[in-house]
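**Q** Heads up: the protein sequence lines correspond to chains A and B, in order.
Plus 1 on top of the position in the first sequence (first one is 1) and you've got my numbering.
Plus 19 on top of the position in the second sequence (first one is 1) and you've got my numbering.
Just so you know, these hints were derived from the structure itself, not from any lab.
Just so you know, these numbers come straight off a predicted model, no measurement behind them.
Ideal Cβ placement from N, Cα and C applies to all residues, glycine included.
Check before you lean on any hint, since a few could be wrong.
Stated by the list, open to error - Computed list of chain B residues with no C-beta within reach of chain A, every gap over 10 Å:
1. Val31
2. Leu48
3. Gln80
4. Thr124
5. Asn214
6. Gly344
7. Gly385
8. Leu387
Stated by the list, open to error - Cβ pair distances, simulated, as ranges:
9. Asn330/B - Asp381/A: 38 to 44 Å
10. Asn359/A - Arg197/B: 37 to 43 Å
11. Gln43/A - Glu424/B: 36 to 42 Å
12. Leu361/B - His131/A: 41 to 47 Å
13. Val31/B - Asp372/A: 44 to 50 Å
What the hints assert, rightly or not - Derived DSSO-like pairs (lysine-lysine); straight-line CA-CA distance at most 30 Å:
14. Lys132/B - Lys135/A
15. Lys345/B - Lys360/B
16. Lys229/B - Lys389/A
17. Lys122/A - Lys163/B
18. Lys357/B - Lys201/A
19. Lys294/B - Lys282/A
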Amino acid sequence: MIQFDRFTLTNGLRVIVHQDLSTPMAVMNIMYDVGARDEDPQQTGFAHLFEHLMFGGSVNIEDYDEPLQMAGGENNAYTTNDLTNYYITLPAENLETAFWLESDRMLSLGFSEKSLETQRKVVCEEFKEHYLTKPYGDVWHKMRELAYTVHPYRWMTIGKELAHIEEAKLEDVKHFFFKHYRPVNAVLVVAGNVTTEKVKALAEKWFGDIPSGEKYVRNLPQEPAQTAARKLEVKANVPLDAFYKTWHIGNRLDGDYHATDLMSDILSGGGSSRLYQSLVKEQKLFSNIECYHFGSTENGLLSIEGKLVKGVKMEDAEKAVMAEVEKIKTSPVSEQELQKVKNKTESMIAFEDMSVMNRANSLAYYELLGDAAWMNEELDKYAAVTVKDIRSVAGKIFREENSNTIYYLSNN
Amino acid sequence: MAIDRKQAPPIVDAVNFNLQLKPYQSYTLRNGVKVYAVDAGAEDVIQLEWVFFAGNSQEEQNLVAATTNFLLRNGTSTKTAFQLNEHFEYYGAHVNRACYNETATISLHTLSKHIGELLPVVKEMITDSTMPSDELAIYQQNMKQRLKVNLKKSDFVAGRLIDVYLYGEKHPYGKYSRAEDFDALERDQLLHFYNQYYTQGRLILFVAGKLPANLIALLDTHFGDLPNQPVAVNQHPLVLAEEKKYRITNDPEGVQGSVRIARTFPNRHHPDFLKVQVLNAVFGGFFGSRLMSNIREEKGYTYGIHSFLHNHIQHSAWMVSTEAGKDVCEATIAEVYKEMKLLREELVEEDELLLVRNYLMGSILGDLDGPFQIIGRWKNVILNGLPETYFYDSINTIKSITAEELQALAQKYLREEEFYELVVV
Numbered sequence: 002m003i004q005f006d007r008f009t010l011t012n013g014l015r016v017i018v019h020q021d022l023s024t025p026m027a028v029m030n031i032m033y034d035v036g037a038r039d040e041d042p043q044q045t046g047f048a049h050l051f052e053h054l055m056f057g058g059s060v061n062i063e064d065y066d067e068p069l070q071m072a073g074g075e076n077n078a079y080t081t082n083d084l085t086n087y088y089i090t091l092p093a094e095n096l097e098t099a100f101w102l103e104s105d106r107m108l109s110l111g112f113s114e115k116s117l118e119t120q121r122k123v124v125c126e127e128f129k130e131h132y133l134t135k136p137y138g139d140v141w142h143k144m145r146e147l148a149y150t151v152h153p154y155r156w157m158t159i160g161k162e163l164a165h166i167e168e169a170k171l172e173d174v175k176h177f178f179f180k181h182y183r184p185v186n187a188v189l190v191v192a193g194n195v196t197t198e199k200v201k202a203l204a205e206k207w208f209g210d211i212p213s214g215e216k217y218v219r220n221l222p223q224e225p226a227q228t229a230a231r232k233l234e235v236k237a238n239v240p241l242d243a244f245y246k247t248w249h250i251g252n253r254l255d256g257d258y259h260a261t262d263l264m265s266d267i268l269s270g271g272g273s274s275r276l277y278q279s280l281v282k283e284q285k286l287f288s289n290i291e292c293y294h295f296g297s298t299e300n301g302l303l304s305i306e307g308k309l310v311k312g313v314k315m316e317d318a319e320k321a322v323m324a325e326v327e328k329i330k331t332s333p334v335s336e337q338e339l340q341k342v343k344n345k346t347e348s349m350i351a352f353e354d355m356s357v358m359n360r361a362n363s364l365a366y367y368e369l370l371g372d373a374a375w376m377n378e379e380l381d382k383y384a385a386v387t388v389k390d391i392r393s394v395a396g397k398i399f400r401e402e403n404s405n406t407i408y409y410l411s412n413n
Numbered sequence: 020m021a022i023d024r025k026q027a028p029p030i031v032d033a034v035n036f037n038l039q040l041k042p043y044q045s046y047t048l049r050n051g052v053k054v055y056a057v058d059a060g061a062e063d064v065i066q067l068e069w070v071f072f073a074g075n076s077q078e079e080q081n082l083v084a085a086t087t088n089f090l091l092r093n094g095t096s097t098k099t100a101f102q103l104n105e106h107f108e109y110y111g112a113h114v115n116r117a118c119y120n121e122t123a124t125i126s127l128h129t130l131s132k133h134i135g136e137l138l139p140v141v142k143e144m145i146t147d148s149t150m151p152s153d154e155l156a157i158y159q160q161n162m163k164q165r166l167k168v169n170l171k172k173s174d175f176v177a178g179r180l181i182d183v184y185l186y187g188e189k190h191p192y193g194k195y196s197r198a199e200d201f202d203a204l205e206r207d208q209l210l211h212f213y214n215q216y217y218t219q220g221r222l223i224l225f226v227a228g229k230l231p232a233n234l235i236a237l238l239d240t241h242f243g244d245l246p247n248q249p250v251a252v253n254q255h256p257l258v259l260a261e262e263k264k265y266r267i268t269n270d271p272e273g274v275q276g277s278v279r280i281a282r283t284f285p286n287r288h289h290p291d292f293l294k295v296q297v298l299n300a301v302f303g304g305f306f307g308s309r310l311m312s313n314i315r316e317e318k319g320y321t322y323g324i325h326s327f328l329h330n331h332i333q334h335s336a337w338m339v340s341t342e343a344g345k346d347v348c349e350a351t352i353a354e355v356y357k358e359m360k361l362l363r364e365e366l367v368e369e370d371e372l373l374l375v376r377n378y379l380m381g382s383i384l385g386d387l388d389g390p391f392q393i394i395g396r397w398k399n400v401i402l403n404g405l406p407e408t409y410f411y412d413s414i415n416t417i418k419s420i421t422a423e424e425l426q427a428l429a430q431k432y433l434r435e436e437e438f439y440e441l442v443v444v
């Protein structure tokens, strides 16, 4: 059970305090309610590029990193399709440094042309490093475009193409900042060796006078239900054929979420999972196979993917995958199998919660979803999933007309 | 009252912190196996690590050590791989294996309450593994496939080659796997290696977390009867490459180059080692380092550039590593040498040095967060045969090293002509 206090500043900034006196450190986590899904289709990759620019100096503080390092702190950030998150850990004595730095960049960035120019290049190198030079690196670009026709999950966080990043203008940067990086669109979590009283005083002092901003109301085109299977064949300079298939699933708050999550674990959560045992060990069709979902906030995707053993035909590999899928749709999993993935989840949560930073991050995430207290209800929600629920979500998800398949073929 | 946002709040310099590493407790099982334990943490979780002297250094043929280690979880005389996995997974536990140069390990992460159900099965892995032929065949096939994919990646290829230049292709730190090495593996060799270095071999145990009161008794019951015979770690001569500069094309259509610039360096027992850790931080050891500030933040040549000392027991190396745009690889290398030259020729300013001290202290403080990190530091001390004061020696070095010492070290080690240089596109 994670304890926390919660209050809201008059400008709308939500603040959560989680005390843990066993650590000498403090964590500050700021989550902004903006991700790649909020981008203009002609300017993709912008939320992530923007995350880089957040380190290029703010209105009163030219250099963000140096004072933080001087205070013995470390920071990082990440952007997803749904949100952008910034976090700092530092010795608790120096907590105010984090307030000073984060509040100034929420007040306003420095908007330096030089920073934009450099970070455009840095992000282009990141794009190349992760998506262009790696074998199979472009497959999720292709899969997203296949699976989504209108919803902005159509593109990856890094962006659709290098050109969108290369063409980013300072004007766009400013507009984006004042639209999304406002107190009313953010959640601040302070955790570790801190008191609520002190955090309240510091939050008022440093964040209290930042103009509230307008609440961003998300109005994204919704993906229509898919009615026919989609398929794509890709030939590329890769050594092995690979199989990718996705199905649309519900959103993070959908009642089916926990059953879907456990079902994916039954299919592929370790050495005794169904897909691994059947397809890698017994039938020897794949050299690896995974089933997972993205846990995205809006309607997401569940994926099964694997690389084929050399010489195996793609059609045979797919048939074998579909036989396993059929099995979980039509016959109940055993109580023991379900208990296994529940135990695994319980253990995973306990290990994750060892770190104050993870706890701070989760609190911010659940608060953004709707309520930080949901973090403490997760285990019960998993525990409540029944054998019947697993079969029911499998039936809803694993329909051929709901699927998108990519045959990623080796051309050598 | 309006606040002055240009004015940084006062800080406590982390360099003044009095950092403490929680001491371990040690126990000896009836067969002489040492158990090092750190009892800490709020969650009811525990980590156990069985360390055997069964690393690459001990094998006579490439991949025998790694494969034996991998197959520990793939069958005993009473359980198939599936049954072993199912047993651990049912309790939500993670059992992993890892093979290093000197040692090879089995690790277990679990909720403390399940420990009694899990230890007997770990024991089976150590005393009764059968290394089934069909499991070996699947492993060979899948590892060869994975190797094929990895060989398409320039960073993977660069990592293999630079280690060959630094240590030699026959040295455990330099040798790498080839498809034919996987083909040449035989079950009998694995069984032989297993028997010698696991069942009969030397064992050390590291445990951390919220430890159950009966843990040591349980460990003695299950592991106190192993033979635990002494193992001498094999020594191998270093063979350095003569040629210093390499340019390799792995993918003619590649858009980035994997740049590696490295020199040999003594191990942790050398008096310069801890001091060079500080110099390394200034040079390329963290986000605010010279390399990062210049080559990423100023020039935008790369998403990241880092320098670090190799984490080996016998010999180390000092390496700069980055993935840079294909057309700026040479410019990147020139900048790296420029930064070396600056460190040789100019004293690091006090402000910068204080920043690095504070950063390093803060990051150690942050890293002491939790029992697994604490036991990790002790494991490093014990397996490297370092003095028990090593942690405090390291802190004292960070606090007291001078700019003059850093410059002298730069002049001694950051000499362009002693570095190997590699770009793989």
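**Q** Each hint needs a verdict: does it hold in this structure or not?
**A** Evaluation of the provided hints:
For Val31/B, the condition that its CB be more than 10 Å from all CB atoms of chain A is violated, with the nearest at approximately 4 Å. Under the 10 Å C-beta cut-off, the non-interface status given to Leu48/B relative to chain A holds; the minimum distance is some 27 Å. With a minimum CB-CB distance of about 23 Å to chain A, Gln80/B clears the 10 Å threshold, and the non-interface call stands. For Thr124/B, the shortest C-beta to C-beta distance to chain A comes to about 18 Å, beyond the 10 Å cut-off, and the non-interface label holds.
Consistency note on Asn214/B: stated as away from chain A, and its beta-carbon is indeed over 10 Å from all of that chain's, at 24 Å minimum. Against the 10 Å criterion, Gly344/B falls within the reach of chain A, whose nearest CB is about 6 Å from its own CB. The Cβ of Gly385/B does not lie farther than 10 Å from every Cβ of chain A; its closest approach is about 5 Å, which violates its non-interface assignment. Distance to chain A contradicts Leu387/B as a non-interface residue, since its nearest Cβ pair spans about 8 Å, not more than 10 Å.
At about 42 Å, the CB distance of Asn330/B to Asp381/A agrees with the hint of 38 to 44 Å. For the pair Asn359/A and Arg197/B, the beta carbons lie near 40 Å from each other, so the given range of 37 to 43 Å is met. Here the CB-CB span from Gln43/A to Glu424/B is close to 55 Å, at odds with the stated 36 to 42 Å. For the hinted restraint 41 to 47 Å between Leu361/B and His131/A, the CB-CB distance of approximately 31 Å leaves it violated.
Between Val31/B and Asp372/A the beta carbons are some 36 Å apart, a value that contradicts the proposed interval 44 to 50 Å. Among the hinted pairs, Lys132/B with Lys135/A is inconsistent with the structure: their alpha-carbon atoms are about 42 Å apart, more than 30 Å. For the proposed pair Lys345/B and Lys360/B, the alpha carbon gap of about 24 Å is at most 30 Å, so the pair holds. A threshold of 30 Å between alpha carbons decides the hint, and for Lys229/B with Lys389/A the separation of about 36 Å lies outside it, so the pair is violated.
The hinted pair formed by Lys122/A and Lys163/B fails the criterion: a straight-line CA distance of about 36 Å is larger than 30 Å. Between the alpha carbons of Lys357/B and Lys201/A the distance comes to roughly 48 Å, so the proposed pair goes past 30 Å and is violated. For the given pair, Lys294/B sits about 50 Å from Lys282/A by alpha-carbon distance, which is inconsistent with the 30 Å threshold.
Checked against the numbered hints given earlier, this structure breaks hints 1, 6, 7, 8, 11, 12, 13, 14, 16, 17, 18, 19; the rest are met.
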